Structure formats: C-alpha cells, structure tokens
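Participant: The chain contents come next:
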Amino acid sequence: MRMHELSIAESVVEAVLERTGDQHVTCVRLSVGRLSGVVPDALTFCFELATAGTALEGAELEIIQLSGRAHCRSCDQDFEKDDLILLCECGSADVDVVAGRELSVTSVEVA
Amino acid sequence: MCATCGCGTDEVRVSGEAVASHDHSDGHDHGHTHEHGHDHGHAHDHDHEHPHTHVEPTDELRTHTLELETAVLAKNDELAADNRAWLSSRGIAAINLMSSPGAGKTSLLERTIRDNGPARQLSVIEGDQETVFDADRIRAAGARAVQINTGSGCHLDATMVRRGLDSLAPADGDLVVLENVGNLVCPALFDLGEAKKVVIISVTEGDDKPLKYPHMFAAADLVVVNKTDLLPYVDFDVDRCEKDARSLNPDVTWLPMSVHSGEGLDEWYGWLRGL
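Protein chains in written order, with this note's numbering: chain A, 1 to 111; chain B, 1 to 275.
The following block holds chain A by itself, in its conformation from the complex (with noise of 0.2 Å):
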C-alpha cells in the first residue's frame, strides 16, 4: 500500500521544481510540524523514490520538526502539544492549535 508520505515526496518534488527549473538541487530543507500527519523516516524514504530521474536525485532532505503549540480560551494560557488531543492542564477543551501543522519546503541548495 503506497503511503501518503509518497504523495507528499512528490508534492515537494513538484514544489521545487516550480521554482528551480533544471538547476541540480543538492539539497532540500522542510519544515514539518509535530500535529502535520507526517511521519519524517517515511517521508525520508518516500524522498528518494520520488526525485529518482529528476533534478533533484540524489539531494539530500533535512527535515526540521516543528513543535505543536496551543492556546486555550479558557484560561488564556499558551502551551506544548504534541498531540492532537486538545486538552488544556485547566481542565478545559476549548483549546486552538496555534503551531504544529507546518509542512512546508524552506529552502533549497540549487548547483
């Protein structure tokens, strides 16, 4: 079964190449949140499927995971999450998740 982690390689693929054309690109940097869904070793390994025969073979992907952070309503408090269970320590659920669900590309090292 293809995971979505495949999917998202080739987004990615297809996201650099918009903006790099044929340049070689040796190397690709992604932000990736904690509460995002993707899992970084599948994404590492989905990588190199998805670049072989294009201009981005044999790059190398740095993935920086990004915390997830919330804030609740209630007790107006910012905090860690790592998961999406949105509970506050006050006791309450009427939390927001403010950081986590980053998955973007940063930057890129083009030749």
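No lab work stands behind these hints: they were computed from the structure.
Keep in mind it's a predicted model, so treat the numbers as computed, not measured.
Heads up, the beta-carbon is just placed ideally off N, CA and C, and yes, glycines get one too.
Mixed in with the good hints there might be a few duds.
Stated by the list, open to error - Have a look at the derived ranges for each label pair, beta carbon to beta carbon:
{"id": "1", "chain 1": "B", "residue 1": "Glu130", "chain 2": "A", "residue 2": "Glu57", "range": "48 to 54 Å"}
{"id": "2", "chain 1": "A", "residue 1": "Ser74", "chain 2": "B", "residue 2": "Phe133", "range": "47 to 53 Å"}
{"id": "3", "chain 1": "B", "residue 1": "Tyr233", "chain 2": "A", "residue 2": "Val39", "range": "31 to 37 Å"}
{"id": "4", "chain 1": "A", "residue 1": "Asp76", "chain 2": "B", "residue 2": "Arg273", "range": "36 to 42 Å"}
{"id": "5", "chain 1": "B", "residue 1": "Gly173", "chain 2": "A", "residue 2": "Glu57", "range": "56 to 62 Å"}
{"id": "6", "chain 1": "A", "residue 1": "Gly21", "chain 2": "B", "residue 2": "Leu275", "range": "39 to 45 Å"}
{"id": "7", "chain 1": "A", "residue 1": "Gln65", "chain 2": "B", "residue 2": "Gly206", "range": "28 to 34 Å"}
{"id": "8", "chain 1": "B", "residue 1": "Leu230", "chain 2": "A", "residue 2": "Ser67", "range": "38 to 44 Å"}
{"id": "9", "chain 1": "A", "residue 1": "Leu17", "chain 2": "B", "residue 2": "Thr131", "range": "29 to 35 Å"}
{"id": "10", "chain 1": "B", "residue 1": "Gly91", "chain 2": "A", "residue 2": "Pro40", "range": "38 to 44 Å"}
{"id": "11", "chain 1": "B", "residue 1": "Ala171", "chain 2": "A", "residue 2": "Ser67", "range": "46 to 52 Å"}
{"id": "12", "chain 1": "B", "residue 1": "Trp86", "chain 2": "A", "residue 2": "Gly58", "range": "36 to 42 Å"}
{"id": "13", "chain 1": "A", "residue 1": "Asp76", "chain 2": "B", "residue 2": "Glu69", "range": "28 to 34 Å"}
Given chain A, put chain B in place with the hints provided.
Facilitator: Chain B alone, transformed into the frame defined by chain A:
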C-alpha cells in the same frame, strides 16, 4: 548541515563564492580544496595575449541557497479551492465521505439514494484502488456515479476529483458525494474542495479508533457510528468513543446509526438537507 560536503554543522548556509571561505572549526579534514588559478594580490596587468583561464570552483561547490517557503500541499490546496468555487457557483454541495474499508460508506449511500433522503439529486464519485464494484452498486441504487481507481494510491486528491467532476457532470443544485478510498490515515490530509467531511466508524472496528487515527477525527465535521444494531454482540463503548472523538474535535456532530435497522437515518437526512 554543510550543503557542500554533508557534514553536520546545521548553522552553515552556504551561498555562492562564500563556499571557499567556510570554515570547519571541528578540525575534520576535507578532501576538497578551493583554489583559484592565479593570485590577485599583485598588480599584474591583463594585456597579455596568451590564453588565460581562471580555475573556477567546480559546479558541485557552487551551490547557493534558494529560500522557498512553499507549502508542500499548496498545489493540491489551490486545486481544491478551484473545485470548491466551481461547486459553490453551481449550488452543488459536496461531502468527502471517509472511513476504513467495510465501515458502510457505500451501503449508507445506497440506502440514502433509495430513500431519496436528501430530497435532492445525489451523485457519487467513487474512489477505490481497483474495481468498479462500488460505482455499479450506486447506479443499481438509482444514482449517477463515476469510479476513480487510484491504483496504488491510498486517497483521493483534488486533481482526481476535478477529473471525476468533469466526467460526472453533476447538475446545478446536486449533492455530490466523494466516497474516498477506505483508509483512516491518508485522506485526512488532502482537501478535495468538499463543503464537509464525514467520517464513518462501525462498531465492529473497536471504540479506540479516534485516538488511534486522530487526524481523521480531528478533521471531521460529522462522525457517523454505523452498525449500532450489532452493539449487543461487540465490545464497543459508544460513550467512550464519543468522549475520545470530542477530545480531538469538541464541536463535531455525532450520529449513531444503523443502515441495517434504520436508526439515525432521519437525522442523517436532516443533516444532508441542511447542506
């Protein structure tokens, strides 16, 4: 990380000619050297006739950083926004129907079509890895359907739905159901352009699914708990399941149902009519 040699100095951002001056203070030795063919420290003139070549750094050393800051799923999200605009300009409501395989997506749609539950014409884009079984079932129930086979793909994406809509050609004001590939993981990440996301969980799957597949339940607008007629025979705590789902998604609409017995169908049709 050093982009030239791959060594672990995370703060290094190599850019252009500056490659030649980057310094590895950890003392490890690099096999490569950076030399220009002649020295500019003296005032020689360039009027001589003989061929004169600068030895440039090799291509692999001349990498430079390009800042992108591009959302990885931007393309899918753009296409999904196009789908959403296309649908809403025609008064078409679309729902993205997701569940694990066998939870009862197609059975619910068959019953909905036969009952004319939503009181408007319903058509279906069926997503499965292989076969046209489900589209055949929908047509046999009396609605129009197109089948998308994703091959090895584990979810529908906005491009597939665009093609599906072109082929389905729903009439203005229709209700379109995008029946996703049976999978509680991947479909959660891909916006299709739908108005609402519906997740079906059946009581035979176990009540631990919301916490095991949190992204799916966090994204849902409506959770249908199907096959409640089987509750006497299985160990499924509906209240615990609802509590867990609400810990991920406090405002989600929660609907126990049995397509077999008819429990919850009136509420389902009411929800569809409200779209």
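Participant: Against this structure, judge whether each hint is valid.
Facilitator: Verification of the hints:
no. : hint                            : result
1   : B:Glu130 to A:Glu57: 48 to 54 Å : violated, 31 Å
2   : A:Ser74 to B:Phe133: 47 to 53 Å : holds, 49 Å
3   : B:Tyr233 to A:Val39: 31 to 37 Å : holds, 35 Å
4   : A:Asp76 to B:Arg273: 36 to 42 Å : holds, 39 Å
5   : B:Gly173 to A:Glu57: 56 to 62 Å : violated, 49 Å
6   : A:Gly21 to B:Leu275: 39 to 45 Å : holds, 43 Å
7   : A:Gln65 to B:Gly206: 28 to 34 Å : holds, 30 Å
8   : B:Leu230 to A:Ser67: 38 to 44 Å : holds, 41 Å
9   : A:Leu17 to B:Thr131: 29 to 35 Å : holds, 34 Å
10  : B:Gly91 to A:Pro40: 38 to 44 Å  : holds, 42 Å
11  : B:Ala171 to A:Ser67: 46 to 52 Å : holds, 48 Å
12  : B:Trp86 to A:Gly58: 36 to 42 Å  : holds, 40 Å
13  : A:Asp76 to B:Glu69: 28 to 34 Å  : holds, 30 Å
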